[in-house]
Amino acid sequence: MSDGEAVRASEGNLRAGTAMISQFFILSSKGDPLIYKDFRGDSGGRDVAELFYRKLTGLPGDESPVVMHHDGHHFIHIRHSGLYLVVTTSENVSPFSLLELLSRLATLLGDYCGSLGEGTIFRNVALVYELLDEVLDYGYVQTTSTEMLRNFIQTEAVVSKPFSLFDLSSVGLFGAETQQSKVAPSSAASRPVLSSRSDQSQKNEVFLDVVERLSVLIASNGSLLKVDVQGEIRLKSFLPSGSEMRIGLTEEFCVGKSELRGYGPGIRVDEVSFHSSVNLDEFESHRILRLQPPQGELTVMRYQLSDDLPSPLPFRLFPSVQWDRGSGRLQVYLKLRCDLPSKSQALNVRLHLPLPRGVVSLSQELSSPEQKAELAEGALRWDLPRVQGGSQLSGLFQMDVPGPPGPPSHGLSTSASPLGLGPASLSFELPRHTCSGLQVRFLRLAFRPCGNANPHKWVRHLSHSDAYVIRI
Amino acid sequence: MPYLGSEDVVKEVKKALCNPHIQADRLRYRNVIQRVIRYMTQGLDVSGVFMEMVKASATVDIVQKKLVYLYMCTYAPLKPDLALLAINTLCKDCSDPNPMVRGLALRSMCSLRMSKLDQWGQAEVLNFLLRYQPRSEEELFDILNLLDSFLKSSSPGVVMGATKLFLILAKKFPHVQTDVLVRVKGPLLAACSSESRELCFVALCHVRQILHSLPGHFSSHYKKFFCSYSEPHYIKLQKVEVLCELVNDENVQQVLEELRGYCTDVSADFAQAAIFAIGGIARTYTDQCVQILTELLGLRQEHITTVVVQTFRDLVWLCPQCTEAVCQALPGCEENIQDSEGKQALIWLLGVHGERIPNAPYVLEDFVENVKSETFPAVKMELLTALLRLFLSRPAECQDVLGRLLYYCIEEEKDMAVRDRGLFYYRLLLVGIDEVKRILCSPKSDPTLGLLEDPAERPVNCWASDFNTLVPVYGKAHWATISKCQGAERCGPELPKTSSFAASGPLIPEENKERVQELPDSGALTLVPNRQLTADYFEKTWLSLKVAHQQVLPWRGEFHPDTLQMALQVVNIQTIAMSRAGSQPWKAYLSAQDDTGCLFLTELLLEPENSEMQISVKQNEARTETLNSFISVLETVIGTIEEIKS
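If you read the protein sequences in the order shown, they are chains A and B.
Counted from 1, the first sequence has number 386 at position 386 by UniProt numbering; the numbering is strictly sequential.
Counted from 1, the second sequence has number 553 at position 553 by UniProt numbering; the numbering is strictly sequential.
Keep in mind that a hint or two might mislead.
To be verified - Straight-line distance between alpha carbons at most 25 Å, and here's what the computed DSS-like set of lysine-lysine pairs gives:
#1 79/B to 66/B
#2 484/B to 55/A
#3 437/B to 372/B
#4 171/B to 116/B
#5 55/A to 37/A
#6 171/B to 226/A
#7 66/B to 257/A
#8 171/B to 476/B
#9 172/B to 257/A
#10 257/A to 484/B
#11 587/B to 172/B
#12 11/B to 92/B
#13 92/B to 116/B
#14 15/B to 55/B
#15 226/A to 55/B
#16 223/B to 171/B
#17 11/B to 79/B
#18 79/B to 55/B
#19 476/B to 172/B
#20 92/B to 79/B
#21 55/A to 476/B
To be verified - Below, a sample of chain A positions facing chain B; criterion: calculated Cβ distance under 8 Å:
#22 93
#23 344
#24 348
I should point out that these hints are in silico values taken from the structure, not numbers from a laboratory.
Virtual Cβ for every residue (Gly too), placed ideally from N, Cα, C.
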């Protein structure tokens, strides 16, 4: 780069806008374009969508696909619900703002179409284009507030099946992308915010979810190396906008290391941030959040907690490995103890244990019939659909690892684990449980009577694993 | 007055306000409005009649106007949409002949404060403010105080926008910059563990950027950068880089333990990245790392062994104290290396340090035996050099093998470069062993190279303008190639945008030159090329003028006057005279002239012990605008040179 260009490049960084985009498109997981919109007419046209997908799939594994460059244009994308939401821009924009815009768009589309997915986008093409028209003008963001947009959107969402409140049986939350992600979102929460203007009776619902993601690292000697909890309080409201509500949190909730409340050990988090619409007047004194949420989805509060968990970890794993290098025989005995309170349970527990290359056979002895274990992609997968608090489960696995055994002179001792075994990782969901101990005490609505029945309030708590790794 | 709930009150007042009879009667109308104000004061919510009150503001009755404006200012935040309607009336009032009405309207308009900017607007404004140059220190700190709350926003875009603005505005106050970076730590760490991989990646890139200037900044949070198996590759690689950069005495043990775990990952690419990372840390914590690397050799895996040996090669060059340990670890490695890079590294080590490795000649002999089936010419070249080197220290064991290899290379090898190298060594040997020694016995290590490779902490100002842009996400090197292509494309029609640098001669096609210079923008500065002053004339003018601007730029490390001179030449700033490279203090005199004939004379004074460059500029016509543009050109050039050099 010559000096002159360097000068211009660094100058350009000061001049560039924050979020000026040329095109926006949505691709299915297979790369089929579902939505395409050109805002400025300054870039290649439709085939950029195809170009993007080709670039993405052709990228070497160590390069990041988040931002890609082609011929003067930058592609920035997020993956959401199996879809690619992509923008192109020719300016050196703020990546934070653009990613934020993309995820906000994903939420908005979810709000308006009921849920985000290939099918819903396909059925609601007109609505999506209408939304995009209002959100972005000539590539600049106008507004992303559900409330403001309501005034302009005429198209009604097309939904595939009628909604029923009785579908609430599954634990799935409306936004929680859990490790399995196969948990069907509860359909009551996944209907369009603004569906059927005439039908008022369905509107009186509000969902409040406390969702925590847990990441843990346990050393091979059992000592705890890292605990990290990322928590969110999410709200999805179908109430008329501007209805005031008050959310009461656990009174012992305290922020930072120094603060102390109540007499117990307290529910402590390291950091907390609130949505800008939350009124904190009563937070200091009574731990009450007050807000007038717009219809749709909203993250009321985010918090984090590291290292210092008030309750014991949900799972402990006691592995023992026997490895005979000579015969290539590998025996792994796993004992899994669930340290949740005995009334609680963990669902969809899956243990994933990478195995040495070339493992062929697997024989297993499992402690209960509903468990399942199999080899998949060079790893052992042990599925435990349901684990009760306080219980202990075990599995004995025997495998053959063929291949050239190391020369005996240099061979490691027979008891050491072979290369490529471990670390084990667990994924799970803990319904009605928060690792930080934070609970919603109450959700009160100051609802103006409009002739409707009392609103339904759904308050749910859930923890799930982000990365729960145990070294072997 | 009967007690009424707020709804009934609103209903009743609304009816009265809409009543045409009341509207016609000025006194009654005013009375109703007074009642509204009274309710408002009592705390009743009468925002419901906003529409009607706006209508009532269109009146000649000043008292009524005042009352309505009071009402509007109170409720505007609640009814932003309706408050828009009032703007029209306010605008009209602003041109009222009555100064009292005008003043009233203006004051009310200022206090409307109805539309709070949303996050997108905030980010845009923060970005826009980057163009502003505070006039004084006091103003600067006023601005910073005012914008403080944006650092706490829940939107990452706003937080990062504010951070960048702070970094740029406070470019002369490093402690303020450090302060801001401390405050943005929380939001950045949160983004690094975000559910969105994309956000996580972008945040990690920015963490690395900060670490370049403040290596200890995230050291206590090292655990946040541990990888989990489900993460995509590109995030893991970023995290490994971050771990490498934040390592310190307290966390080195834990970080190395973690990295060691990655070395046996099923993904060979990731395992290799982790080994290279340990190699990087080895420059500081040599013993611990060499031990881990040696243990990894025991796994006898090809993809691990090759990278470990390459790491060893780079390490003995930078940290000669570990040579002994490396030499002890090497025997046996050759069995597990198949690729070109690994073989080259091993052969180099055997050649340079072969006198400490008992079986070195025999390992090289094996390579020579198989040289016919060797597919990589680079390996053969390395083998030639290594064997010749080892021959110098262990002639008895190597002579025969060396002869065979030379024979093969000269007589049978088809790759010309290898053959030439063979011939060269053959003839060199004919000249005599002393000559061979003179040429081949170069130093075996160079610890100073490490300093060159990872330079001391860079000042924040180096990258402040790149913060919250795509530059850290692509990486500086990749970005340079991108902007190079873009620069080439844009050369033509887009040039006027870069008018302040329009003088950069070779970049402008001849036919565009005139247009560029005729730009109406008065702030633009166009320096005229080839305006060479004589040294005498320069001296005379210099002495006759007063210093118009003086400032100090940070400057660290190496300094190459030639590069600077060339860079200045590109933007049409001529060097009249300068001290010899390396002299202390170093001085240079520069001159430049713009298209209006205004002369800029500059003195650069570099005092390495203060690590700063003092700039004094004199101007023959006092024109602040062009002076500022000139100084920013100068600053950018010097900043760029500083960056390139590091």
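Which hints, by number, does the structure contradict?
3, 4, 6, 7, 9, 10, 12, 15, 16, 23, 24
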